[in-house]
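J.: Residue numbers (the working numbering), protein chains in the order written: chain R, 1 to 600; chain A, 601 to 1062.
It is worth saying that the hints were derived from the structure and are not from the lab.
Warning: the hint list may mix true and false statements.
[Claimed, not checked] Straight line, CA to CA, 25 Å or less: simulated DMTMM-like cross-link-like pairs of lysine to aspartate or glutamate:
id	chain 1	residue 1	chain 2	residue 2
1	R	LYS557	A	ASP643
2	R	LYS197	R	GLU283
3	R	LYS565	A	ASP643
Note that this is a predicted model, so its numbers are computed, not measured.
Single-letter residue listing:
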Amino acid sequence: MILNSPFEVKLYTKESVELPSILKDRLSRIQFISQTESIDDIQEMFSYASKNQLSIIPRGAATYGMGGIAPLRRSIMADLTHLNRILDLDEKKKTIHFEAGLRWWDLKNFLRDYSLDLYTYPTSLFSTVGGWLSTGGYGVNSFGYGHISNLVDSIEVVAPQKKKRINRQDRDFKYFMEAEGQLGIISTVRLKIREAKPSKPYLVFFNNTSEASRFLSEVSKSLKTPPVHIAFFDRHRLEHKNLHLNGRISFPRMEGILIVFEDLASEEEFLSLVEKKKGILAEDYLAAFLWNERYFPFSIKHFHPSILGTETILPIENLDHYITRTRKFGKNYGISLSTEATLINGGEAVVFTIFPSDPKKLVHFAHLFLTYSLAHIASKCDGKPYGIGTWNLPLTEKKFSDKDIKEYLRLKKELDPLNLLNPAKSFSPDWRIVYLLKLAYSTSGLFSNGNPFFRPFLKILSPNREKHQRSPLEPDACANCGACIAVCPAYFTNRSEIITAKGKLFLLKQLLGGSSIPEAAAENIFLCLHCHLCEYVCQSKLTLVPVWDKLEAIAEKTSERPEEKIDEFIKKVESHPTYTKLLDSLGASSNNIHREMKNV
Amino acid sequence: MYKRYHIDTSLVELSTTKIGKFEIMRNDACLNCGRCMTHCIYDVHERDSADPRIMADPVNHLCKNCFACIQNCPYHALEMVMNKEFEKLGNTYWTPQVIHTIWNEAEEGKIPVLGSGYRGRFRGSGFDDIWTDMSEIVRPTRDGIHGREYIATAVDLGRKLAWISDFRRLDLPNSYEIQIPMLLDTSPLGLNSKSIILSIIRAAHKLGTFAFLDIENYGNELKPYLKSIALRCPLDKITNLDQSPWKEVNFIEIDLPRQFSISELELALKKLKSENQTALISLGLTDPSLSNGILKQFKEERADILNIHADNDGQSYEGNIFICDSIRKAQLDLVKERMRCEITILAKGGIAAAEHVPKIIICGADAAVLDLSLLVAAGCRVCKGCILNDCPAEIEKLDPEIAEQRIINMICAWRDQLLEILSAMGIRDVRRLRGEKGRAMFYEEIEKESFEFIFKENETAK
């Protein structure tokens, strides 16, 4: 299916963190969205693109956020989320073979019926498998099971020049991980899976970051049966979580470390270590709550219009230093920074430092600039960027060595000699853009220690730090995480994100910005079952359904209610196999993922 | 040509009887997915007609308590509670359930279904003390309603010959066959509204049975239905009767007071016989113990039918004797007098459900007389006191045709259930069920049989 209305194109290019409009407006246009459902579709798209001199931006669930799907050339965007069939489940060998557009959430749900589970999965559970393989790979349980590439048996890549199957043992395998769609489109994946296992989370509090980071390096190395997941939450990050609690229970103002075991053999050893390191063991319910919050990495979005930040891979021993520096940095510029770190092995952690910002305010632009300064700080602490996308293009050489780049280019030449796929990104950078960004990046370095000229100016402009509950009617309330898409019954029948909560919130944003309802969206506004499922999974924890009623009221002013279409829609939904399956899984058991996912 | 007896039913809804036993509540967790709708076979759940994307409020009175919607709701958005309005219906004998069942029968003329299994109790007082035989329940050819073998529900009213003495005189003057072992009665219906009387009599007319009518309620509008009217008159009024309608009716009942002189009765009966030779003559008694004077009237062929009256709860007016016991006693007395087969026994009062009809027949009645149940079919809630202006069922305003059809519907449902029971017993003619005590177990008697010796021992010990 082709989606080519300007509104849909805008919607599909939207990412969870948007590029500043000054940059975005300079980007080339996406010609249309192509929803590919098979390898043939992809190949057809390739030949169309090369004939018409268009590039191709592969897109999963668009949850990456680093400008990974920003078009730097005139392009077709390939929506791969409909390439999502499960092909084969081998219960004996414990592998599953499926198309890579499948969402992790759907995969996890599917496996649940067989009492099977994933080893690791991303914190944004609504991203696609192919997307995570191409961009990140570290997430929940990464400490225990490592990078996702360790768990992939083989992948199939479709590139303009050829189709290729690559096993984990192959020399080139690692280059296809985190290639950000520049080498080809991952079409199928064979993934290792395992029996479902209960997990037991512990939360330990520390008075300061140095105690916490000492404990971290100890706990990650000394235990005989190590935990599967270790994450550090600094006190400000825990404070964010408090906003969602009712006040009767709350996290103390301390640094917290979440440790999750699947095998409790070393429990005693662990507890004595906690005692020795002067850690304070939190109540079970706090630990459980924090563990459950792994499904809601963006819940802070509920209180702030936009979240900016950096994501870096940092040596654990530098974590303390890093946090001290960022805190000082935050104080200097009047921004409230918070940090979360997920350990990926005995020595490194993926560190996620964020701060709220309001894109409506002038200071937002300065804030964007400050994220580069944060990257500087990380870099001084031996940090590497976690992903490149567009935003981190100046940091490419920090992630890839020259040797790596050579290998990538060799493969690129073999698979995609015309450079159709995601061009002008890390392997074939557009120097004009890179210079611009590099200039910004290196200037930002001057501010990383607190520039005396810039500081007072920024402090005046810095946002009111009072938090208030956000209403979905505010234009930037949506985190663009795509969770609602995976559960929307209307999306099952219509297959355009325009119909989902994400689409409708975007529409609302446009309406509030003064534009009128685009034709493509007018009728779709009414195709909603009022099922509340979007609300239940919303990462920003927004109250959505009343908003749909308001949106309908607005739409009814200009166009009539499409009664016939509504009837047809209901008939379609009621008999739709995907929806039936979803309902079955909702009702299936009491300990199911939907209940876990349901907002607290 | 042979014609099978058939009752025409049609759907007649009443807004006043839309009180369900259960109330289903839809909470905010509802996904509007429509699962409840696909699982409910009673149309309790529908989409909102104004906005089909949203589920409408459940139509509670249609709920049969099957729990399908609640069990299949993917998000546990439905709950069920007892309906408070329902619990206010009726009294201890005419329970909310009894009334609700009759309403359902009257609405559609079908056998109502309810519940998701029965957890007991399995015995109670009154009719619930009797368990009927169902030993032939598995014979498909004798499927009561749809079976190939015809099951007769017809009974004879009036005098039968004790033996044949003259084959040339086989035509009986005083006998009528009715197709259902049920007669209707307009007498105890508190309000005595004209329209409800008319509906009952018209229903009896259509069904080919009789409807009892108190003489003071007779009016010209009932003239077309004279042949279906059983005229009831107190004993003291018989002597000064005018001509019409005595000559034309086929059934006359003398309502006997508690104290009366046999000679007066004999006089009245003789007068009636002389006025109308072909009519069935019935004696309406409240006391089941038959005196010699009464037995004499039957022996000498002045009366043909014995109608034993009880109150609305089935209790006799003298002492606490239940209608079943009254009938069994009268039946036994007549058997002892060797005249049971010649005369007809009717039972009136407390017949509140379909299964009461076969049960009273097992006790010895030829047919049952329905009274209050007819009013319930028309929408009555059996309130404690009956106030015409404040009737919640608006009986007074009811269209007679609606009431008539509802009564017919109910009787069709009752007959169907009678057929079911007969087929389950393996009986092909309801006449053969009369007095068949062996086709039922009387719980009280079983209990007595098993435990009597204990009480006896105790007594002797004293």
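J.: CA of R:LYS197 to CA of R:GLU283, is that 25 Å or under?
T.: holds (22 Å)
J.: Check the hint pairing R:LYS565 with A:ASP643 against an upper bound of 25 Å on the C-alpha distance.
T.: holds (24 Å)
J.: CA of R:LYS557 to CA of A:ASP643, is that 25 Å or under?
T.: Measuring from Cα to Cα gives roughly 35 Å; hence the hint is violated.
The structure fails hint 1 only (numbered hints given earlier).
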